[in-house]
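Q: Sequence:
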Amino acid sequence: MSPRKSVAEALTTRSSILDRSVAVASVEGLEGLTIGRLAADLGMSKSGVLGHFGSKESLQLAVLERAGEIFRAEVWEPARRVASGLPRLRALCESWISYLERGVFPGGCFFVAAAHEFDGREGAVRDAVEFRFDTWRERLRKEAARAVAAGDLPKGMNAEQLAFELLGLVMALNHAIQLHRDPGAASRARQAVRARLGE
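Residue numbers (the working numbering): 86 to 284.
Calculated from the structure, these hints are not laboratory results.
Remember, predicted model here, so these are calculated numbers, not experimental data.
We put the CB at the ideal spot given by N, CA and C, even for glycine.
Please note that the accuracy of each hint is not assured.
Said to hold, decoys possible - Listed next, with one range per pair, are the computed distances between beta-carbon atoms:
#: 1; residue 1: A168; residue 2: A209; range: 19 to 27 Å
#: 2; residue 1: P191; residue 2: S132; range: 22 to 30 Å
#: 3; residue 1: G236; residue 2: S140; range: 49 to 57 Å
#: 4; residue 1: R166; residue 2: H260; range: 24 to 32 Å
#: 5; residue 1: H265; residue 2: R99; range: 33 to 41 Å
#: 6; residue 1: P163; residue 2: R266; range: 21 to 29 Å
I would like the entire structure built from these sequences, with the hints used as guidance.
A: Next comes the structure, spelled out in structure tokens:
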């Protein structure tokens, strides 16, 4: 076997482990990831799985990164091409709602679930979850601030407050879909966004 083929196979195997891990963690939490479970699911040895990450914490961090890539592709990329400010803020909210409505992750929003799991803890995984929330809230805040500066939202509107409210709205949507299986939740979320941002 050539070294190039060996590296390619290792990357493919690592990617398969991460894909399975994201699916498991979405439903059962990051703590629900066990090397034994993944090995059985993928037909690998435990050492074969562990060898790609070195520790459970490293695996959890890699899974967060993979989930972040999926979130960016589903929510940020569709809105990125829209003009900044209010148009992009509206597009972000729509792609965000659609991401939950379509069940991109089987357990709902991966990061909401991870936040509930780790918010009372300390450590690298908790810090990584917090960083992703902070980054996303800051993106919302910046677009809101641009919309205010452009006159598309009322002068004096607090962009930080608006970002907080939009984050809470979509977290409530995730709750309604996952816990209550509410078929009308996405429609109500869209109505709430329109009421807050205007048509």
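Q: Are the hints correct? Go through all of them and say.
A: Hint check:
Roughly 37 Å separates the CB atoms of A168 and A209, a value that falls outside the hinted 19 to 27 Å. At about 28 Å, the beta-carbon gap between P191 and S132 stays in the expected band of 22 to 30 Å. Roughly 51 Å separates the CB atoms of G236 and S140, a value that falls within the hinted 49 to 57 Å. The hint said 24 to 32 Å for the Cβ distance between R166 and H260, and at roughly 30 Å that hint holds.
A hinted range of 33 to 41 Å for the beta carbons of H265 and R99 is consistent with their spacing of about 37 Å. Checking the proposed 21 to 29 Å range against P163 and R266 shows it holds: the Cβ atoms sit about 26 Å from each other.
In the structure shown, a violation is registered for the earlier hint numbered 1 alone.
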